[in-house]
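> As given, the protein sequences belong to chains A and G, one line each in that order. Our numbering applies: residue 1 is where the first sequence begins, and numbers increase by one. Our numbering applies: residue 1 is where the second sequence begins, and numbers increase by one.
Take these hints with a grain of salt, some might be off.
What the hints assert, rightly or not - Subject to a maximum C-alpha distance of 16 Å in a straight line, what follows is the list of computed EDC-like cross-link-like pairs (lysine to aspartate or glutamate): (1) A:K24 x G:E5; (2) A:K24 x G:E107; (3) G:K54 x G:E39; (4) A:K24 x G:D110; (5) A:K80 x G:E5; (6) A:K24 x A:D44; (7) A:K56 x G:E5; (8) A:K14 x A:E68.
Worth flagging that the hints you see were computed from the coordinates, not collected in a lab.
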Amino acid sequence: MSDETKIDLELDLKGLLCPLPMVKVSQNIGNVPVGGVIRAVATDPGAMADIPAWAKSTGNEVLQAAKEGSEFVFLVKRVK
Amino acid sequence: MPEEEPRQKSLAMVVMSGDMDKLFGAFIIATGAAAMGMEVTMFFTFWGLRAIKKNVSTGKTLFGRMLGLMYGGDIMKANPSKFSFGGMGRWMFGKMMGNHNVSKLSELRDLAIDLGVNMYGCQMSMDVMEMPQESFIDGVKEPVGVGFFLLKAQDADIQLFI
Numbered sequence: 001m002s003d004e005t006k007i008d009l010e011l012d013l014k015g016l017l018c019p020l021p022m023v024k025v026s027q028n029i030g031n032v033p034v035g036g037v038i039r040a041v042a043t044d045p046g047a048m049a050d051i052p053a054w055a056k057s058t059g060n061e062v063l064q065a066a067k068e069g070s071e072f073v074f075l076v077k078r079v080k
Numbered sequence: 001m002p003e004e005e006p007r008q009k010s011l012a013m014v015v016m017s018g019d020m021d022k023l024f025g026a027f028i029i030a031t032g033a034a035a036m037g038m039e040v041t042m043f044f045t046f047w048g049l050r051a052i053k054k055n056v057s058t059g060k061t062l063f064g065r066m067l068g069l070m071y072g073g074d075i076m077k078a079n080p081s082k083f084s085f086g087g088m089g090r091w092m093f094g095k096m097m098g099n100h101n102v103s104k105l106s107e108l109r110d111l112a113i114d115l116g117v118n119m120y121g122c123q124m125s126m127d128v129m130e131m132p133q134e135s136f137i138d139g140v141k142e143p144v145g146v147g148f149f150l151l152k153a154q155d156a157d158i159q160l161f162i
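This is chain A alone, in the form it adopts within the complex (with noise of 0.2 Å):
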């Protein structure tokens, strides 16, 4: 999925704990227009359940949540 994806804008989220993730990916998602897509890689766990929770909240769409090892890769698309 994450070759067929245009990424607009890539975030490195590694090491950061709660709950950066979710305020670096909320501090970013402007700076990509309606309809692009962050990707972000993060190490910690509990961005798993907090950036799709920041996505509902905020209206966003995550389109991958996935561990890769030791890391957290995410696909944000912008909605709004």
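Following the hints, complete the assembly by docking chain G onto the known chain A.
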């Protein structure tokens, strides 16, 4: 019919504690809520006032100056509610949190201000503890009273007391 924007959710929080652990909780929740698009109100009262204080001495009367001495310093002087050991606990938890890459309390607070969290000192506590608005960091709004907080709280989706 045009699509209506859902009403912005809001969080209203009283911060009465000046304990390090409780302040972590308060600022993590506040920054998280702001990131999730909520309007956040933090009402700092009594021991909580230290969380928004600069590292300056306060107090006009004898008791006020004594309090300023014994309870001086800024947010980084906050001790944990357990295992304080006269400052050892603060150092130890600080080390452990640093090792786990958790942000410092002052960084979380500054982030909260950047994210637009609304912070208010409680006027009555400020008077009693002799901590004027000038002793607070930039970004703290003009002091308010309980009526203002209750108005925010009754309209809020989430109310917390920390």
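> For every hint, state whether the structure bears it out.
Verification of the supplied hints:
no.: 1; hint: A:K24 x G:E5; in the structure: 24 Å, violated
no.: 2; hint: A:K24 x G:E107; in the structure: 14 Å, holds
no.: 3; hint: G:K54 x G:E39; in the structure: 25 Å, violated
no.: 4; hint: A:K24 x G:D110; in the structure: 14 Å, holds
no.: 5; hint: A:K80 x G:E5; in the structure: 11 Å, holds
no.: 6; hint: A:K24 x A:D44; in the structure: 13 Å, holds
no.: 7; hint: A:K56 x G:E5; in the structure: 14 Å, holds
no.: 8; hint: A:K14 x A:E68; in the structure: 13 Å, holds
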